[in-house]
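Undergrad: Chain by chain, the residues run as shown.
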Amino acid sequence: MKADLELYDYWPYRDRPRIIWPGGARLAFWVAPNIEFYELDPPANPYRKPWPRPFPDVGSYSIRDYGNRVGHERQMRLLERYGIRGSVSLSAALCEHHPEIIDACAERDWEFFSHGIYNTRYTYGMSEEQEREMILDAMDTIEKHTGQRPAGYLAPALSHSEHTMDLFAEAGGIYTCDLFHDDQPTPVRVRGGQRFISIPYSLEMNDTIAYVVNRIEPRRYGRMLRDNFDRLYAEGEVSGTVMCIPTHNYQVSCPHRLHALEQALEYITGHADVWVTTGREIAEYFLDHFHDAVSEDILRKRECAREVTPMKSEKQRANGS
Amino acid sequence: MALDPKLLQYRRRGRGMDHDRYEWSRLHEREPVNWPDGARLALWVNVCVQFFPLNQRGEPFAPPGGMSMPYPDLRHFSLRDYGNRVGIFRLLDTFDRFRLKPSFAVNGAMVERAPYLVSVLRERGDEILAHGWDMDSLHHGGLAPEEESELIKRSLDSLQEAMGREVRGWLSPARNESPSTPDLLAEQGLGWFADWVNDDMPYCFHTRAGDLWAMPLSNELEDRFILMQNLHSEDSWVDQVCDACDFLLKEADTAGGRILSLNLHPWLMGQPHRIGRLEAALDYITSQPGAWPAAPGEILKVCAG
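Chains A and B supply the protein sequences, listed in that same order. Per the working numbering, the first sequence starts with residue 1, numbered consecutively. Per the working numbering, the second sequence starts with residue 1001, numbered consecutively.
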């Protein structure tokens, strides 16, 4: 294990090169519905249990199934009303289990990015070869069913290895949603040297984190979304920011919760200079227009910091002095 | 490092569900359901009448709401009892004021523990669900099938005899099941159960002894889930229930009848500082045009055609 995978460099949130989104927009806004399949009885990964209760965990499994049976359609119609194309974080096997859902998203020109095969299969314990195979299987499956080769990756159930980013970049991906270190896109270092970036996806705005982990009230969630937007929108005048709302149909689409999201979407899309877009479009635009300037700025600030604070020599560090 | 290749097999990766219990079906694609008299929203209130034994075994886990202190955990034991002595009578008065048709999910052990309460429920004639034997008798895969079958039979027999009428519905303690629970329920003659929370409307659930109806009893709107697990305020519970009511009524305009189900615990909602919030929520719901207070059996009758 390492103290830091060194996927990105420290890059202070001040005096950054100015990002301007298409049409002069100051905030890129995207919604990422997770469309997931959880297995009732998956093989047991030695590092993480799929369900809190012994088999069959009826409550945990069935509320997730609710998302696909009931919730998806509700959220899709809501996003449509506000002119938002979802960027789907997709369990690839869902294409096989429930193709109707995928067809409905594809008809609406949504983006599909990879979220592994099943959300009950974790990366933990996989060899590099096994992880590569899983990543390619998911990408191939999604491409076969949607015609889209996924550009982005959110590892299944956010389970990673030390090489997850390397492997996804080698498979042709261009962005990751797995890192929460910034409110703007940043370059991510991969061993193959590909131009690979992180797009802000937000753990804090994630409905499941909000509702299940932090156990907050629906109306407070709606308020948090609007507050999050207000600050990122204001700061976007200096340099363009990214706001993401990651959702899950089994959380956000429950009858007592959808209104909170609706109010937030109404509020956000009611502002001028908001680029309502998808993960892939943000990634491509950033790569084409800002990636190199940002990389240079990161490098410059790193060098600059070296001059101010002399680093210990390699030998001193090795001696632990 | 590598995973055993067996862990990377995908046995049920294909069309539909990854099990054979029910068909894959999307709610918005089904035929709309029409409630009587043009109603749009059925209001189903269910109350859990429960016994939490002091000598809890916690097999295979401690039930939510169960004993959590070293033996004898008198604080939780007696507070749960409060619900069956005091809280429930507040609830009954409230329900009658709003002319609801509540159902009661009753542990079999309550027949001997509170015969007075059981006789009140018998006289009222409300619909009864069997709710297992007690809250520490969980249905789980560690039970032998005969053992579990006997547990169901004992719970059902005790209730049917005490109530003097047939019991058709079931709610497992802690909503926990063994792999065979639905089969055993159907074998014992039950018609429906409410453990699974994957739908907003009733649907057919397959067992080896024929189909059961799966009834939607929301866990996410339960008093226990919102107040005790999430630690939300009473006011927030009212907000969440009223927001759900608004949403479902609106959806019913175009999609057909919907169900707002509230699962309540007298040891929580029957408290003096909470009952008023329940009344506020019921006042809101029942004053909506199109609201229909209904017992689960009435709801099922419409859905089963």
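Everything labelled a hint here was simulated from the structure, so no lab data went into it. Just to be clear, a hint being listed does not mean it is correct.
As the list claims (entries may be wrong) - Here are a few chain B residues that face chain A, going by a calculated C-beta distance under 10 Å:
{"id": "1", "residue": "1004"}
{"id": "2", "residue": "1024"}
{"id": "3", "residue": "1157"}
{"id": "4", "residue": "1158"}
{"id": "5", "residue": "1160"}
{"id": "6", "residue": "1163"}
{"id": "7", "residue": "1164"}
{"id": "8", "residue": "1165"}
{"id": "9", "residue": "1167"}
{"id": "10", "residue": "1175"}
{"id": "11", "residue": "1181"}
{"id": "12", "residue": "1247"}
Backbone N, C-alpha and C fix where the C-beta goes; we use that ideal spot for every residue, glycine too.
Undergrad: Should the interface hint for residue 1164 (chain B) be scored as holding, given a Cβ-Cβ cut-off of 10 Å against chain A?
TA: violated (31 Å)
Undergrad: Return the status of the interface hint for residue 1158 (chain B): holds when the least beta-carbon distance to chain A is below 10 Å, violated otherwise.
TA: Because about 24 Å separates residue 1158 (chain B) from the closest Cβ in chain A, which is outside the 10 Å limit, the hint is violated.
Undergrad: Would you check whether residue 1247 (chain B) satisfies its interface hint, that is, whether its CB is within less than 10 Å of any CB in chain A?
TA: holds (4 Å)
Undergrad: Per the CB criterion, is residue 1004 (chain B) less than 10 Å away from chain A?
TA: At 8 Å from the nearest chain A Cβ, residue 1004 (chain B) passes the 10 Å test, so the hint holds.
Undergrad: Going by Cβ atoms only, is residue 1160 (chain B) closer than 10 Å to chain A?
TA: Cβ of residue 1160 (chain B) sits 25 Å from chain A, so the hint is violated.
Undergrad: Would you check whether residue 1165 (chain B) satisfies its interface hint, that is, whether its CB is within less than 10 Å of any CB in chain A?
TA: Cβ of residue 1165 (chain B) sits 28 Å from chain A, so the hint is violated.
Undergrad: Answer holds if the nearest beta-carbon of chain A is closer than 10 Å to that of residue 1024 (chain B); otherwise answer violated.
TA: For residue 1024 (chain B), the interface hint holds, since the closest Cβ of chain A sits about 6 Å away, which is under 10 Å.
Undergrad: Regarding the hint that residue 1163 (chain B) lies at the interface with chain A, is the smallest CB-CB distance below 10 Å?
TA: This hint is violated: residue 1163 (chain B) lies away from chain A, its Cβ roughly 26 Å from the closest one there, beyond 10 Å.
Undergrad: Are residue 1175 (chain B) and chain A close enough, Cβ to Cβ, to be under 10 Å, as the hint says?
TA: holds (6 Å)
Undergrad: Under 10 Å is the threshold here; is the Cβ of residue 1157 (chain B) close enough to any Cβ of chain A for the hint to stand?
TA: Interface hint status for residue 1157 (chain B): violated (24 Å vs cutoff 10 Å).
Undergrad: Go through the hint on residue 1181 (chain B) and say holds or violated, using the shortest Cβ distance to chain A against 10 Å.
TA: Cβ of residue 1181 (chain B) sits 9 Å from chain A, so the hint holds.
Undergrad: Answer holds if the nearest beta-carbon of chain A is closer than 10 Å to that of residue 1167 (chain B); otherwise answer violated.
TA: violated (21 Å)
Violation of the numbered hints given earlier is confined to hints 3, 4, 5, 6, 7, 8 and 9; the remaining hints are satisfied by the structure.
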